[in-house]
Amino acid sequence: MNVEPVISVRDLRVWYGTERGPVRAVDGVSFDLRPGETLGLVGESGCGKSTLGRGVLGLLPTGSATDGSVRFKDRELVGMRQQDLRSLRGVEMGLIFQEPMTRLNPLMRISEHFAETLRAHEPGITGKEIDVRSIDTLRRMGIPPTRYRHYPHEFSGGMRQRIMIALALVLRPAFVVADEPTTALDVLVEAQILSILQDLKRNFDTAMLLITHNLGIVAEACERVAVMYAGRIVEEGDARQVFSEPAHPYTRELLRSTISLSTTALHYIPGAPPDLVQPPSGCRFHPRCPDAMQVCPRLEPVEVRTKTGERVECWLHGPAELIPPGQTAPLERRELASADEA
Amino acid sequence: MPTKLETTDDARPLDERPVLLDVQDLRVHFALRGGFLDRLLGRSSGSVKAVDGVSFTLRKGEVIGLVGESGSGKTTTARAMLGLAPITGGSVRFDAGPEFGGQVDLTKLRERDFRTLRRKIQLVFQDPHASLNPAMDIATALAHPLKIHKVTKDRDEIAARVRDALERVGLSPVERYLHKYPADLSGGQKQRAVLARAIMLDPALLVADEPVSMLDMSVRAKILELMLDLKRDLGLTYLYVTHDLATAKFFCDTIAIMYLGRIVEIGPAEQIYADPKHPYTRSLLAAIPEPDPRRAAPRDLPRGEVPDAASPPLGCSFHPRCPAAFAPCGWEARDLTALLEQRWTNVSEQQYEQERAAVGDPAAVDDAGLVARLPDSRAGSGAAAALLEEVRASDPAEQFWKGVSSVQKDDAGVRVGFKEPVDPPLLQHGEVKVACHLHDPRFADQA
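As you go down the protein sequences, you meet chains A and B in turn. Just so you know, we're using numbering that gives the first Met the number 0 here: the first sequence kicks off at 0 and counts up by one. Just so you know, we're using numbering that gives the first Met the number 0 here: the second sequence kicks off at 0 and counts up by one.
By construction, these hints were calculated from the structure, which means they are not laboratory data. Just so it is clear, the structure is predicted and the values come from calculations on it, not from any experiment. Incorrect hints may appear among the rest.
A short list of chain B residues far from chain A (calculated; beta carbon distances all over 10 angstroms) [unchecked claim]:
| # | residue |
| --- | --- |
| 1 | Ala-30 |
| 2 | Phe-99 |
| 3 | Ala-308 |
One-sided and incomplete, this derived list gives chain A residues near chain B with beta-carbon spacing under 8 angstroms [what the hints assert, rightly or not]:
| # | residue |
| --- | --- |
| 4 | Phe-242 |
| 5 | Leu-253 |
| 6 | Leu-330 |
We put the CB at the ideal spot given by N, CA and C, even for glycine.
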């Protein structure tokens, strides 16, 4: 894996201004993505995963502030002028939205959607070339060429999502953010879309950040996974490894609370994700963590690498020399009311 | 009454308990609105059979799961139980208890009588954010059903019942939540409040339409557990509507798999999961993403999506997507179109343009769609016959050909005849009923 990363994020921070003070939605996040690689980003609602996805693309609303570094093909995106960012987006970086039903213009044929996209980014492209490239991309998504001139309402939800993916990929971007691309779809269609996303790597060599709350989807579609909690990535590494031997207690609890066919008992994480205006001190997961030690609320955990190569931020994994003596004893805590939850 | 604290859990085995709800041959058809001329001439433009002959019984304390994709009719079936969908036919007998005179047929009820009866049947929606009035605090929202149904005017009693319901759903200490507005609560807390409101009137049946689908994974288990506790403590019976077989596995005693308005498989949950018989059930189970990499298995997914209910496929509605479909499943002209589209998705641009230019659009010749014709673009060129020949040669195992009875070449193109479609009846197999020709002894030699 010595290929240069397409995108390299270092210590990215995003704040939103609110009446109660700044919300630190993304608070010091770093990751790399190489060509053809898919990184799954998982976490509960409100952990900052969508903000991270948009922050990387420079798509945040006014009233937010960004700091840190996002390097994309040797260019620094943080602090870049909106104009320059706009010329990169679409051509070099794409976004696949959650709701396919509302993102296509009902008055435009599918062919017109493609023509608009291609003309906006490649002025001077010929009509013939538009058709060839669009039909070819649609075909890879499993949309028959006979439907090229149909209107959006003539397609089902799953087909519309494939069209959305095709629209994002027709410009052959090097990097795509897919924000919950299957959440609004039926299970069978979701599985179809996932297998299409897997084919993408082979066909397009696109690096993808796949944002989802469904751990099963990550296991199916991603090589690597990053688990996000309260604005930070608490564990990151090879998806199979993380899912079979989670290093961080949050990852473990999240996996246990996922209901799948092999689940034998209902399990949940007590408490709720914290308020990001005033996040808990030390490790942000300590109030909900079943393994919390006395050091956890006092000191922020340091990133360490496990023996199998995952990055994890948790005092359970040391480094032991940084933990003050005697502070590995379990943390005493008050009982949580059952309804203090997400 | 929600005020009694002893549990009313029935210790008897499920099949000895009294029947609470008996649905027989339920049909909900929506008339399609045609064009101006159709309406002027009084022509009918057909109907959507959202629910088409659904039968099941629900015993007291039982949980039945209606499972299917969108468009399967599961939500319409659930809404029909509350008179919220226009029932076209069939019967829904509900044991409303002594105060309403025992057995009532909900299909024969006038709206005003239904309104009072809804005390006994309550509904929990998918989206907790949309089911609470944002201008009502929790105490007002919970007291609202008591006012609407004129149960009591005694303020102390109302307050006591509101507090009790909140405690039951785990929103305690109660003082913290009484005067909060929905916007102050998290998704899970809102769904708890919705459940509290649903139990205020001491219902017998709770219809829950995807109650955990909008919630975070980490909270789903908690809400499901709460619903099981409520069922045990208050003697409730649930009709659980979901697309998710994984949550239904925990929650349901009986599973009914629905596809395009019909039940295709119904039976005790353990058996459905252990030995799914219908290919659709198998696909649904295989499609659930599995987070444990050690258990992940390659899967054979059905193609396509749920078809248009206004013109459902002939025979078994699942046949165009079914990986195991064979001769009697209802092959028809539309499947020929789908087959060609499928081919053109996979061939090169040039080949597509050539083939597309050589043949016209496939069309059904007879009304039933059992004879299709694929015309040559240039009459007598034989291109259509050659194309079909090639399609068949490229994938001789394609199930489509099992349903073809004749291929006749003539001057203008090809006529393709299909075998007679057979509607799969719901047949008993042990404790499970399944509607699939694979399990029908009449077709055992062909499957």
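Fill in: Interface hint status, Leu-253/A versus chain B (Cβ within 8 angstroms)
Status holds, d = 6 angstroms.
Item to complete: Could you let me know if the closest chain A CB is still more than 10 angstroms away from the CB of Ala-30/B?
Response: Nearest chain A Cβ is 21 angstroms from Ala-30/B, so the label holds.
Worksheet item: Minimum Cβ separation between Ala-308/B and chain A greater than 10 angstroms?
Response: holds, 12 angstroms
Discussion item. Using Cβ atoms and 10 angstroms as the threshold, tell me whether Phe-99/B really stays out of contact range of chain A.
Written reply: At about 34 angstroms from chain A, Phe-99/B clears the 10 angstroms cut-off, so the statement holds.
Discussion item. Just to be careful: measuring from the Cβ of Leu-330/A to every Cβ in chain B, is the smallest value less than 8 angstroms?
Written reply: With a minimum Cβ separation of about 20 angstroms from chain B (threshold 8 angstroms), the hint on Leu-330/A is violated.
Practice prompt. Hold the hint about Phe-242/A up to the distance rule: shortest CB distance to chain B must be less than 8 angstroms.
Written response: holds, 5 angstroms
Violated hints amount to a single one, hint 6; each of the other numbered hints is respected by the structure.
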